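Peer 1: The residues making up each chain are set out below.
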Amino acid sequence: MLSPPATAPVDDWTTDYDIFDPEYVKDPTPVWKDLREGCPMARTDRRGIRSWLPTKYADVQALAKIVPELSSKDPLVVTLPPDMDVVDNSSGLNAPPISADPPEQIWTRRMILPAFAPRAVEAHREFTEDLCNRLIDGFIDDGRCDAAVDYAQQIPPRVIAHMLGFDPNKADDFTEWVRGVLELGLADPKIRVKYRDIIQNFLITEVTSRAKEPRDDYLSELLAMDIPEMKGREIQVVVGIANLLLIAGIDTTWSSIGSALYHFGTHPDDRRRLAADDALFPTALEEMLRYYSPVTMARMAQEDVPFGDIVIRDGEKVLMNFPGANHDEDAFEDADKVLIDRTRNRHIAFGSGIHRCAGSNLARLEMDVSVRTWFARIPEFEVSNPDAVTWAGGQVRGPRKLPMRF
Amino acid sequence: MKLSIDSELCQGHNRCFALAPELVDVDDYGEAFVLNDGVVPDELRDKALLIIDNCPEFAISEVKS
Numbered sequence: 001m002l003s004p005p006a007t008a009p010v011d012d013w014t015t016d017y018d019i020f021d022p023e024y025v026k027d028p029t030p031v032w033k034d035l036r037e038g039c040p041m042a043r044t045d046r047r048g049i050r051s052w053l054p055t056k057y058a059d060v061q062a063l064a065k066i067v068p069e070l071s072s073k074d075p076l077v078v079t080l081p082p083d084m085d086v087v088d089n090s091s092g093l094n095a096p097p098i099s100a101d102p103p104e105q106i107w108t109r110r111m112i113l114p115a116f117a118p119r120a121v122e123a124h125r126e127f128t129e130d131l132c133n134r135l136i137d138g139f140i141d142d143g144r145c146d147a148a149v150d151y152a153q154q155i156p157p158r159v160i161a162h163m164l165g166f167d168p169n170k171a172d173d174f175t176e177w178v179r180g181v182l183e184l185g186l187a188d189p190k191i192r193v194k195y196r197d198i199i200q201n202f203l204i205t206e207v208t209s210r211a212k213e214p215r216d217d218y219l220s221e222l223l224a225m226d227i228p229e230m231k232g233r234e235i236q237v238v239v240g241i242a243n244l245l246l247i248a249g250i251d252t253t254w255s256s257i258g259s260a261l262y263h264f265g266t267h268p269d270d271r272r273r274l275a276a277d278d279a280l281f282p283t284a285l286e287e288m289l290r291y292y293s294p295v296t297m298a299r300m301a302q303e304d305v306p307f308g309d310i311v312i313r314d315g316e317k318v319l320m321n322f323p324g325a326n327h328d329e330d331a332f333e334d335a336d337k338v339l340i341d342r343t344r345n346r347h348i349a350f351g352s353g354i355h356r357c358a359g360s361n362l363a364r365l366e367m368d369v370s371v372r373t374w375f376a377r378i379p380e381f382e383v384s385n386p387d388a389v390t391w392a393g394g395q396v397r398g399p400r401k402l403p404m405r406f
Numbered sequence: 407m408k409l410s411i412d413s414e415l416c417q418g419h420n421r422c423f424a425l426a427p428e429l430v431d432v433d434d435y436g437e438a439f440v441l442n443d444g445v446v447p448d449e450l451r452d453k454a455l456l457i458i459d460n461c462p463e464f465a466i467s468e469v470k471s
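As given, the protein sequences belong to chains A and B, one line each in that order. The opening residue of the first sequence carries number 1 in our numbering; numbering runs sequentially from there. The opening residue of the second sequence carries number 407 in our numbering; numbering runs sequentially from there.
Check before you lean on any hint, since a few could be wrong.
[Unchecked claim] DEER-style ranges, computed between Cβ atoms:
1) B:D431 with A:G48: 44 to 50 Å
2) B:E468 with A:K194: 52 to 58 Å
3) A:D334 with B:F464: 19 to 25 Å
4) A:D11 with B:E428: 52 to 58 Å
5) A:D334 with B:K408: 27 to 33 Å
6) A:G38 with B:E414: 24 to 30 Å
7) B:M407 with A:D304: 41 to 47 Å
8) A:G138 with B:K470: 52 to 58 Å
9) A:R405 with B:E468: 48 to 54 Å
10) A:D173 with B:D443: 47 to 53 Å
11) A:P379 with B:F464: 36 to 42 Å
[What the hints assert, rightly or not] Sample of chain A residues with no beta-carbon within 10 Å of chain B, all distances over it, derived:
12) E104
13) E316
14) A335
I should point out that these hints are in silico values taken from the structure, not numbers from a laboratory. In this text the structure is predicted, and so the values were computed from the model without any measurement. The C-beta atom is built at its ideal place from N, Cα and C for all residues, glycine as well.
The task is simple: from the sequences and hints, build the whole structure.
Peer 2: In structure tokens form, the structure reads like this:
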């Protein structure tokens, strides 16, 4: 079993923060609060490179708009050592548009947006509902399950495999691979490179076979698009895009579903209220996205970028701390409270600016279907042992073990 | 009341369309646009204020006459 990255204790969060600190992974909110009050742009020199951590909503919003000086070419929160950085200087993530700047970011993004428009993602609702029901059938009679492993984790890889036309039996492999890149491989370059290459090789095979013999599926559609910039390198471009679709939609959405079930499994008043009133689902789920925002992305300065009192130097990183921004009292009343009927909720769990999560509508659909289906089948449930809940953090934060009884 | 959406700022979050499909729609790229020239019927005024306050890009505003 792979274990999370080892980490030295933090004495001073303002100059030596560590997003892998075990207490921070479990609950980062007290650290953000302290930093926001005293030093809203924290820094660290851990892991080979200076990296900044903004904690104010307004700062994260502003930083997201500094394009392309703050580049997305290396969007993972930990950079690979130079000698292992062999794929297009992209920290092992060739996954446009998320790993691209304009102009490539613009045309690759326009290739995929239509499939993720609000009406387009509705095509996946029925499949997702059936899937959630089948999963629940598998454990409902036991009166207990691990809601992260047996439920949340099972959903996104199957939805994305269904969408991309991949063998559904590979869903568990996809989960392992994506965790290898985004979670366990973050602090261990060897693990990251190993799984990056597994994914690349798998996708090259899948995309090449469709280039030779188009099928009635989404990857074939992407290959056939009439995009001048893609001419002559269709396979390379579509492998990159497929890499994004596979990597970006699995750990993230799974974390959101798990966090929502964690919340309602530890807050019986909110659970009862939601179970009794379907109309609360939209605000409740947006509040889950705000309070338990899973994703932190990174930017890398391509030149010296002055920002308030600091200068982000060429080659330094900035973590787009969307989760921390979403807890800023200046942007949200009672920011550290979960209010499932919060109607004014301008959260940026899906980022902001040109890199707004392209899959946000599909993620919301999966979250909506999975939490609603759970509540319909299992309205009474609780986390059976809160001490046994484990969290992953860093790039993507969410529960990885979530023992539930019902 | 009249609404306007700044298409330079809109990034296709679709929060407005989810909250008030009576007032806005989105194109294939998720970009939002106002319906009925942005004119908000009185009974939908609260919804209009709600989508202004939920847009993560601050792209929706009330047009002052």
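Peer 1: All hints, please: hold or fail.
Peer 2: Against the structure, the hints:
no. : hint                           : verdict
1   : B:D431 with A:G48: 44 to 50 Å  : holds, 47 Å
2   : B:E468 with A:K194: 52 to 58 Å : holds, 54 Å
3   : A:D334 with B:F464: 19 to 25 Å : holds, 21 Å
4   : A:D11 with B:E428: 52 to 58 Å  : holds, 55 Å
5   : A:D334 with B:K408: 27 to 33 Å : holds, 32 Å
6   : A:G38 with B:E414: 24 to 30 Å  : violated, 35 Å
7   : B:M407 with A:D304: 41 to 47 Å : holds, 45 Å
8   : A:G138 with B:K470: 52 to 58 Å : holds, 57 Å
9   : A:R405 with B:E468: 48 to 54 Å : holds, 49 Å
10  : A:D173 with B:D443: 47 to 53 Å : holds, 52 Å
11  : A:P379 with B:F464: 36 to 42 Å : holds, 38 Å
12  : E104                           : holds, 17 Å
13  : E316                           : holds, 25 Å
14  : A335                           : holds, 15 Å
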